[in-house]
Structure formats: C-alpha cells, structure tokens
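Protein chains in written order, with the working numbering: chain A, -8 to 471; chain B, 404 to 664.
These aren't lab readings, by the way, just hints derived from the structure by calculation.
As the structure is a prediction and not an experimental result, all values here were calculated from the model.
Keep in mind that a hint or two might mislead.
[As the list claims (entries may be wrong)] Cross-link-like lysine-lysine pairs, in silico, DSS-like; alpha carbons within 27 Å at most: (1) K400(A) - K470(A); (2) K572(B) - K103(A); (3) K491(B) - K53(A); (4) K53(A) - K556(B); (5) K572(B) - K100(A); (6) K294(A) - K103(A); (7) K166(A) - K294(A); (8) K350(A) - K318(A); (9) K572(B) - K109(A); (10) K471(A) - K367(A); (11) K493(B) - K99(A); (12) K409(B) - K493(B); (13) K491(B) - K97(A); (14) K207(A) - K99(A); (15) K470(A) - K425(A); (16) K61(A) - K572(B); (17) K572(B) - K70(A).
[To be verified] DEER-style ranges, computed between Cβ atoms: (18) L476(B) - G11(A): 37 to 43 Å; (19) L57(A) - L532(B): 29 to 35 Å; (20) I484(B) - E124(A): 53 to 59 Å; (21) T520(B) - E124(A): 46 to 52 Å; (22) K493(B) - T341(A): 42 to 48 Å; (23) K493(B) - E124(A): 56 to 62 Å; (24) K493(B) - K306(A): 28 to 34 Å; (25) L476(B) - S34(A): 55 to 61 Å; (26) G11(A) - K493(B): 20 to 26 Å; (27) K463(A) - I484(B): 38 to 44 Å; (28) W629(B) - E124(A): 40 to 46 Å; (29) R408(B) - T129(A): 29 to 35 Å; (30) T129(A) - L476(B): 48 to 54 Å; (31) P503(B) - S34(A): 39 to 45 Å.
A virtual CB, placed ideally from N, CA and C, is assigned to each residue, including glycine.
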Amino acid sequence: MENNTNIIELKGITKVYEDGYTAVDDFNLEVKRGEFVTLLGPSGCGKTTTLRMIAGFSMPTKGEILLNGKSIQDLPPYKRPVNTVFQRYALFPHMNIYNNIAFGLKQKKTPKDVIERKVRRVLDLVDLEGFEERSVSTLSGGQQQRIAIARALVNEPEILLLDEPLGALDLKMRKEMQIELKNMHDKLGITFIYVTHDQEEALTMSDKIVVMNEGKIQQIGTPEDIYNEPRNAFVADFIGESNIFNGMMTGKLRARFCGGEFECVDDYEEGTHITAVVRPEDVELTDPELGVIQGVVDSVIFKGIHYEITILSGKNEIVCQSVNSAKAGNRVGIRVQPDNIHIMIAEDHTNLFFADINKDYRLEYNDHLLDTSVTKIIKGSSRRDDGTVQDASGEAIDPERMRIQVAIKPDDIEMTDDQEAGLINGTISNLIYKGDHYSYIIHTELEQDFVVNDEYLWNMGDRVGLMMPVDKMTFTLKKK
Amino acid sequence: MQFSRKNLGIPYFIFLLFFVVAPLIVLVFYAFTNGQGQFTLENLTGFFTDANTLGTLFYSLAVAFVTTAVCLLLAYPIAYILAMSEIKTKSVIVMVFVLPMWINFSLRITALKEVLTLLEGNLARYPFLNAVVGITYDFLPFMILPIFTTLSKLDGSLREAAMDLGADKVQTFLQVTLPLSVPGIVSGVSMVFLPAMTNYVVLDMLYNSTYIMGSLIGSYFSAYNWHGGSMIALILLAIICLFTLLTSDGEETGERGGALL
Chain A
-8 MENNTNIIEL KGITKVYEDG YTAVDDFNLE VKRGEFVTLL GPSGCGKTTT
42 LRMIAGFSMP TKGEILLNGK SIQDLPPYKR PVNTVFQRYA LFPHMNIYNN
92 IAFGLKQKKT PKDVIERKVR RVLDLVDLEG FEERSVSTLS GGQQQRIAIA
142 RALVNEPEIL LLDEPLGALD LKMRKEMQIE LKNMHDKLGI TFIYVTHDQE
192 EALTMSDKIV VMNEGKIQQI GTPEDIYNEP RNAFVADFIG ESNIFNGMMT
242 GKLRARFCGG EFECVDDYEE GTHITAVVRP EDVELTDPEL GVIQGVVDSV
292 IFKGIHYEIT ILSGKNEIVC QSVNSAKAGN RVGIRVQPDN IHIMIAEDHT
342 NLFFADINKD YRLEYNDHLL DTSVTKIIKG SSRRDDGTVQ DASGEAIDPE
392 RMRIQVAIKP DDIEMTDDQE AGLINGTISN LIYKGDHYSY IIHTELEQDF
442 VVNDEYLWNM GDRVGLMMPV DKMTFTLKKK
Chain B
404 MQFSRKNLGI PYFIFLLFFV VAPLIVLVFY AFTNGQGQFT LENLTGFFTD
454 ANTLGTLFYS LAVAFVTTAV CLLLAYPIAY ILAMSEIKTK SVIVMVFVLP
504 MWINFSLRIT ALKEVLTLLE GNLARYPFLN AVVGITYDFL PFMILPIFTT
554 LSKLDGSLRE AAMDLGADKV QTFLQVTLPL SVPGIVSGVS MVFLPAMTNY
604 VVLDMLYNST YIMGSLIGSY FSAYNWHGGS MIALILLAII CLFTLLTSDG
654 EETGERGGAL L
C-alpha cells in the first residue's frame, strides 16, 4: 500500500537540448499524493525544465515519468491530468474572467450548468466572487494570479504545477499569496509541485524541498532537514545565509577551520577534509579571551529584528546575526555551540581566497603581485579606451567594489623553505598521512587555512612558503 | 526662440498642408463643379445613374473581395509557419518570400503575364481570374507581414496554457491563436482590400481589358474629364473612410477594450 501512494515518479530524467546543453541530469523524484513539493534552485538550474516535462511541453531525452504507476511519456499536454499556473499567468486576453476559468471545462464538453457552478465555486475559493464579467486587463497582478490559479484548479487536476507563480508580485502581496496557497493546498488535498528560486518561499510552504543546481539534485528533504543539515556547500549557501569554511578534522569531534579548533558533534575520521557551515544566527560574540577565535568587527547593519555584524578574523569573514549591537573596530571573541556547526565531508577540497584588484587591474594578494591581469582571467572583459576595464556585459569593473575569488586545488600548491619564494607564508598546524601522500593544513599570516597535499614529510610547526602557480588557479569576479 | 518638441512637427505640418489638405480641397472643388466652374451635383448623380460606372464599382468590389480572401488564405498559413518556426529556419523562409520583392515590379508582372499566357493560351479568356492572380501576387507580402508580426508577438505561454487546459492543437488554434491574431488580419485586410480596388497598373500590364475603379479614374483623367474623375476619386475616398471606420470599430468592441486612445 505504501508504494501505491506515489502519485508521480520521475526516474532518471535527463534533458539535453539540441545545442548539447544538459538542462536536467539524472533527476529522480517520488512525490506522494497530496504533498507540497518545491523545486528550488538558482535560475538555469533546470527546475522549470523539469516542470515542463511533467506538464508535457517538453520531452525528456532519457528517463521515465510515471503517473500513478503508469508512464505518461506518450501523452500530449492536453491529455495529462495536471494543470499549470504559469509564471506570467498566461490568461487569455480576449476572454472575460468567466470564459478564462471555464476554458478547461468547455474542452471536456461539461454541461453548462455544471460549468457555471464550478466556476462560481473556484472564484469563491480565490476570493474573487462577482468577477465573472470583468476583462483580464482590468485586474491587478495579484488578482490575475488568483484567476490563473482558479483556472487551473477548476479542472480538479491530480497535480497542480506552479511555475514561479508569485515572481511578479510585490513583497507584501507575495507573502499573502504564500499563505493563501498553503491554505488552499491544505484544504483541497491536491498535490502541488512548485518551482521557485526564493528559498524563503520554499521553506515556508513546502512539505518537501528539492534543491537543484546545474541540472542535478543537490538534496531532497523537509525544510527543516535542508536548513539544518545541508548536504553540501551549495545547499548551505543557497538556503539561508551561511558562513562556509574549509577545514579538516583534527581529532575526535574536533574540527579545525577559520583559524581555530572547534568542538563539533559530527564524528569523522581525523584528517578528513571538511566543509564547515555555521548559520549567522549561531555565531556567538564574546569577550576576546573567551572566544575560540578572535576578530575585529568590520561592519554593523541594523536589519529590523536583529543586527548583521561582519567580523574579520585575519582574512576570514564571519557574518553574525545578533539582537545585540556591536561597535565597528572592537575586538571580539567568536564561539559556536558544537551542535550548531554543520560538518560535511568535502569531496573536493579547493582552497579559496580573495585577491584585490589594483589600479592597473592586476591582482594583489598579501602584497604580492600575481602574474596576470583582470582582462586575462575574466571571460569577456576588455579594456576601454580610457584605461578602465569592463566585463562581458559592458559594465565597468570597479577595483574599489570588486575583488577576485581565487580557487586552487591542494595538489597544485607547493611548499618551500624559502620564505621569500611563497605567495604567502604560514605554519603547518596539522598533518595527516593519506597512504601515498601527506595532507597538511597551513595556517597563514593572514589567519587563513590552506590545505596542501605533498608527498614529502614536513613537521608540525614548520614555517613554510606556499608557491601557487597562476596557471593552476581559477578566478571568479565577486562583489566586495 | 526656445526649441520645443512641438517644433519638430512643423515640417510634417507643412507637408500635410501642401500635399494632403490642398489637393483634397482641389479634388472636392473639381468634383462638385462642371467645366464652366459652376457648382453642380451632376458628377455625383452621373456616377450612380450610369450603369457602366456602377458596374465597374461592383466589379472592383468583387475583385478586391476575392483577392483579399485569397491573400488571407495564403498569407495566414505562411505567417503562422514563419512565426512558429525556429529562428534558424525562419530566415530561410523569410528569404523565400522576400526575394521576389527585390525584383522590379514591372518585370515580375511581365513574367507573370508570360506564365499565365503559357497556362491559359489567351489571357482574355479569364479576365477576372487573371486580375485576382495578378493583384494577389503583388499584394501578398502586405498581408503576410502584419499577421506575422501579430503572431510572433503572441505570448507562447497562452498556447501552452490552452493545451494545458485540455485543448488539442486544432482547438488551441481556433480558440486562442486565431482570435488573438485578429488585429493582424484586420490591418492586413485593409492594406490589401483598398489597393486591390484601384491598382489598375497590374491589369494594364496583364493586357486585362476589364475595368476596376482605378482604371475608371485613369480613363476620365486621360480624357480630360477632371470633374468626373475627381468625383470617382472622392467616392473611393468615402468608401475607404467607411471601411476604416468599420474595422477599427470592430477592433474596439473586440479585445482591445478601447485601448486605442
């Protein structure tokens, strides 16, 4: 019986467009009858494509969609028992509200009096009684949205698909509609599949969230799961604000990241490379001597119910939400409760750091000049006639406001005794033998940790210079 | 003098005065006077009592009506295919229809004449058919273009919404696409119907002996009967006004909901 409650199953759905672009990659999902499922991800992550494949507007390249256990592969959109609420409503401008809502029923040759009754009932449901004769253009965005929902619901679909239905509404309206949609879902018991890029919307409304990125499912879970136990750095970063650090397990329930050693509740083998996620509201500010790490308050922004405080610890940036204000420039200690540190195994332990852009549009890090320039590393950027640099869209790259995130793999960094030769110097704070090589954490002068793999044995506490070849780095332009 | 945006309209105003208003006054003056310059309604009554002129009027109405219908039937599917096709193939199809337009008009019509002669043997045998074929050939792009524009501006999600709500392809076309392309059809029809009543050059070049309104005006003027010719031109103008009024009226009560002003 348990198995039969799946109303729709997507099995290995892959969509490759003609130009070779893979929009959706091996997508597997089971949706139970009556569930509110949200596909969440940044634009271009494949969520709308997935929805369109369920609706039948787009055919999967590979894989199978089962509705109530039967494949609906060969059914055209008009034969599928699903209805869609479109992003920009797609109400028929040449029909009045009544005819818009009655459209689906008329296709099914429903008797007139039944249509009339049903239309009135859904208009009542969306709180727009008496709007039958109005024309679409006289309605506000919110009202059009409700009509679009009514037009879909009147057909009593097995699944209601909603494609960013609240995207075009203003904030207040959006909040109201979120609650109304949720109420409607509870009342009707219809399965909702909802697409949005708004993580807050997803967290508020869904029973189950599917986080997607670049066509792949990142995590499926309840809102609580996804928020509290993000499975990877992408999910952590996308759902809510997060402080994300690279680090390594240094002992039983101990992890080193952000220049300090923290107690945690996740038990991984010593030496495991990890990604640590700390929510801003879980960062505790203390007196400097009481904190695990120390830092200087960089900025304080009042956000209504809390303050958003940015702390710099060396070059690490930590964002903290607190009901108590702090003063910029003050030294503070930082503490995090062990169960508020979310540790995940880092599959790819790439080192990330920020380089500044100088006046000549060259990159600077730790007072060293990197042997490259902005125009070489940022795709599509070019030098203008007046000497400034613009990006691919023609917008100026302002060295004051932009910086470059540099990524380099642990294998590509070389350690040296020569303190002058490295881009940055540091002390080996941890090492672990990995079978055929050693994995080191080097704590630098700028309070950052770098992970370096090396086949030779160095000693704990050794001072080393880190040599990083520019051709092994990848660069991303970031706002300051 | 301070420059204001209104001043930009001055050249157009002068143009309007010299090339629209003044000729119209001259036209009206000639239409309601006789050879001696005295006021008369003879030209008007003459037109409506002469079986020949009335016959020409109905004949050209028939030519225009059939031509417009044929143009519409040919243009709509073409415009539809164009608007719905992928961008890659679109440019090729557009070329196919635009390429003939780059060839001189008289050359095209002469070529058509040769083709028709080949097919029919004697052009005099089917004058009505030849008139329709010639004018359709000449005016088809004017019908395609506005319909194509309307269709390609049509929000694709409307068609998807119809399909989503259970309408198959035919129903979607009949209930959504077609009604929403009416503005394009209206402007296409008005661009073809009126010229089709008057463009006698095409008929002349096809050695067509039948008379449409344009030929009638031409013959009056070449016989120095400026007064009668002016009156016919004025009557045509009245028909045009009436037609425009009717179509724009239909548009307003249709879907635009008075969005014109």
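Has the hinted range 48 to 54 Å been met by the Cβ atoms of T129(A) and L476(B)? Given a distance of about 36 Å, which is not inside 48 to 54 Å, the answer is violated.
Hinted pair, alpha-carbon criterion (27 Å max): K493(B), K99(A). Please report holds or violated. violated (35 Å)
Agreement of K572(B) and K100(A) with the hint, judged by alpha carbon distance not exceeding 27 Å: Satisfied, since the Cα-Cα distance of roughly 16 Å is no more than 27 Å.
Assessment of proposed distance window 37 to 43 Å (beta carbons of L476(B), G11(A)): Between L476(B) and G11(A), where Cβ atoms are some 41 Å apart, the hint holds.
Within 29 to 35 Å or not, the Cβ separation of R408(B) and T129(A)? holds (32 Å)
Does the hinted range 56 to 62 Å hold for K493(B) and E124(A) at CB? violated (40 Å)
K207(A) paired with K99(A) [C-alpha distance capped at 27 Å]: Judged against 27 Å, a Cα distance of about 37 Å means the pair is violated.
Checking one constraint from the list: CA of K350(A) to CA of K318(A), max 27 Å. Satisfied? violated (31 Å)
CB-CB spacing for L532(B) and L57(A) relative to the 29 to 35 Å hint: Cβ of L57(A) to Cβ of L532(B): about 59 Å, so the range 29 to 35 Å is violated.
A range of 53 to 59 Å was offered for this pair. Does it hold for the Cβ distance of I484(B) and E124(A)? Since I484(B) and E124(A) have Cβ atoms about 37 Å apart, the given range 53 to 59 Å is violated.
Does K109(A) lie within 27 Å of K572(B) when you go C-alpha to C-alpha? At roughly 25 Å apart (the allowed maximum being 27 Å), K109(A) and K572(B) satisfy the hint.
Pair hint outcome, K491(B) versus K97(A) [Cα-Cα no greater than 27 Å]: violated (37 Å)
Checked against the numbered hints given earlier, this structure breaks hints 4, 6, 8, 11, 12, 13, 14, 15, 19, 20, 21, 23, 24, 25, 27, 28 and 30; the rest are met.
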